[in-house]
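**Q** Protein sequence lines correspond, in order, to chains E and Y. Straight run, no breaks: the first sequence in the numbering used here ends on number 475. Straight run, no breaks: the second sequence in the numbering used here ends on number 597.
Worth flagging that the hints you see were computed from the coordinates, not collected in a lab. Keep in mind the model is a prediction, meaning the values are calculated, not measured. Quick reminder that beta carbons are idealized off the backbone N, C-alpha and C, glycines included. One should not assume that every hint holds.
Just some of the chain E residues that point at chain Y, by a computed CB distance under 7 Å [unchecked claim]: (1) Y404; (2) L407; (3) I462.
Taking lysine to any residue pairs in the SDA-like style, the calculated list, with each CA pair at most 25 Å apart, reads [claimed, not checked]: (4) K380(E) to D559(Y); (5) K181(E) to E534(Y); (6) K486(Y) to E45(E); (7) K471(E) to D559(Y); (8) K596(Y) to N184(E); (9) K2(E) to E45(E).
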Amino acid sequence: MKLIYETSTKDHKALKLPKCNISYELDSKYLRNEKLELPELSEVEIVRHYTALSKETYSVDDGFYPLGSCTMKYNPKLNEEVASFEGFSDIHPLQDTKTVQGALKVLDLTKKYICTITGMDDASFQPAAGAHGEFTSLMLIKKYHDERKDYKRKKIIIPDSAHGTNPASAAMCGFDVLTIKSDNGIVSKEELKKVLSDEIAGIMLTNPNTLGLYEKDILEITKLVHDAGGLAYYDGANLNAIMGISRPGEMGFDCLHLNLHKTFSTPHGGGGPGSGAICCKSKLSKYLPKPVVLKKDDKYYFEENKESIGKVKDFYGNFGIVVRALTYMLSLGNDGIKKTSENAVLNANYIMNNIKDLYDVAIDEVCMHEFVLDLTRFKKETGFSALDVSKRLIDYGIHPPTMYFPLIVHEALMIEPTETESKNTLDEVIGILRKVHEEAYSNSVDLHKAPMTTKYGRMDEITAARNPILKYGDK
Amino acid sequence: MDELKNVLFTKTHEWVKFEDETTAYIGLSDYAQSEMGDVVFVNLEEQECEVGDTIGDAESVKAVSDIYSPFTGEIVEINEVIVDDPGAINRDPYGTWLCKYINISDKEELLSLEEYEESIKE
Chain E
1 MKLIYETSTK DHKALKLPKC NISYELDSKY LRNEKLELPE LSEVEIVRHY
51 TALSKETYSV DDGFYPLGSC TMKYNPKLNE EVASFEGFSD IHPLQDTKTV
101 QGALKVLDLT KKYICTITGM DDASFQPAAG AHGEFTSLML IKKYHDERKD
151 YKRKKIIIPD SAHGTNPASA AMCGFDVLTI KSDNGIVSKE ELKKVLSDEI
201 AGIMLTNPNT LGLYEKDILE ITKLVHDAGG LAYYDGANLN AIMGISRPGE
251 MGFDCLHLNL HKTFSTPHGG GGPGSGAICC KSKLSKYLPK PVVLKKDDKY
301 YFEENKESIG KVKDFYGNFG IVVRALTYML SLGNDGIKKT SENAVLNANY
351 IMNNIKDLYD VAIDEVCMHE FVLDLTRFKK ETGFSALDVS KRLIDYGIHP
401 PTMYFPLIVH EALMIEPTET ESKNTLDEVI GILRKVHEEA YSNSVDLHKA
451 PMTTKYGRMD EITAARNPIL KYGDK
Chain Y
476 MDELKNVLFT KTHEWVKFED ETTAYIGLSD YAQSEMGDVV FVNLEEQECE
526 VGDTIGDAES VKAVSDIYSP FTGEIVEINE VIVDDPGAIN RDPYGTWLCK
576 YINISDKEEL LSLEEYEESI KE
């Protein structure tokens, strides 16, 4: 396929405007000297270009997308309709707040709702993505200790099952990372006790964890950390399992980030932008990124909170995403939010229980919203790996699950169906997973060669990683 | 397994071949390379380090894994082969050393081949 620049033909235009009949002069300092390098295309050429591009990709609108830990749920089209309302889409961040009261109300209302769902006191929508939210939450923790002149707290505890972004965010924030070993998939209190000291700034946890297991000792874990003077941060990547059922605030967490693009059905996976909204307990409230939205005499306004950690993004984050998330929450309501999580958990257990006679489950217990298969035995017996199975699923029109994560499971396949898939789809998927298993054991299909039905076959990932070509053409 | 006759191991899957009491070459075990899959990049620097320190990492198509110092000592040379051709670690793990140590101490924790093989069975 050609780049849009390669399709460009001089003087092709989508719109032809009449010549301007008002005379004007601009100071030469405002004029650009070089010609803008923009492609020139007619409307139909542009439409065909982007339609062709869209056909080369795969989204949740195309089919099943069980990418574990990513919560690739369907995004209702109503979200888009509401976000495109003039009062939300045609406003400017520097507009007088008197003229955008509705937009500020959206920020305030969404804050209230996510605080209710998480059991927290305050929130900010500035972080633009999940890892950005992790980083911002850690900045709150750092500021909290710094304000107390407790400068020796330089270490963050992270379990070995954590999302890779957790240690990365901690390192970016200037902390040293202490990894602790899990015990049968969950945090070991004994391992935790070993590393607790007055140098601990806090702990980063997700619950349910990346193996899809609920940390049953969570109250004791957060208490141990608090008793040692540390704070507890909750990675909201897995919130989809517990909404309306249990709340991080009541588990003892002090701050957290949410992925509005996961749990709250906003575009995700190349479709973004994302939103890594953060929530915190009142003791961290004053450190939130500035400005914050407040209300006085029935009017909303922005407050530049003085003790803030500062800005982490221009203006107020990806506002359009907040509108979508609010639309989602309002359409579901209290009961709907709870049912969402119940169905997410039910769907995951349904698939797991219908394939676990064939595939080994890493930890064979009732799972939450996702589960992890361990294909070590499968690989030994068939010679095919988790990668080969993933690639074969593409041939059946399914997006591969998350592979080789969490790191504590070898040959891991992490499957998260989400609540938006029907029983029909789940049955179809179960059938496909069972079929691929049969193909591997009967050796009727060479899974090393999959995918075989796509425009591009198996990619040479090794050469791509060893000798990456990072520029296109000669430019 | 003649080539492994004088090789010692760590629990963290490094192998060690001593030149003399305080000089040694280290690499990654066959088990480590097969678990990691195709190695695409190794990041190591000359440095002084203590036993158990993270001295660098090996990146495969699956993940990035830390490399730990088997003892206290000083890394004085990095194998250029692994910089240009990290795949050598997969093809010939025991013939492909990562780096050379001098002034070695704290080497009590090292495992024999039999002990190492026992440890990876678990």
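**Q** Take the hints in turn and mark each one as holding or not.
**A** Status of the hints after comparison with the structure:
{"no.": "1", "hint": "Y404", "result": "holds, 4 Å"}
{"no.": "2", "hint": "L407", "result": "holds, 6 Å"}
{"no.": "3", "hint": "I462", "result": "holds, 4 Å"}
{"no.": "4", "hint": "K380(E) to D559(Y)", "result": "violated, 31 Å"}
{"no.": "5", "hint": "K181(E) to E534(Y)", "result": "holds, 21 Å"}
{"no.": "6", "hint": "K486(Y) to E45(E)", "result": "violated, 60 Å"}
{"no.": "7", "hint": "K471(E) to D559(Y)", "result": "holds, 21 Å"}
{"no.": "8", "hint": "K596(Y) to N184(E)", "result": "holds, 18 Å"}
{"no.": "9", "hint": "K2(E) to E45(E)", "result": "holds, 12 Å"}
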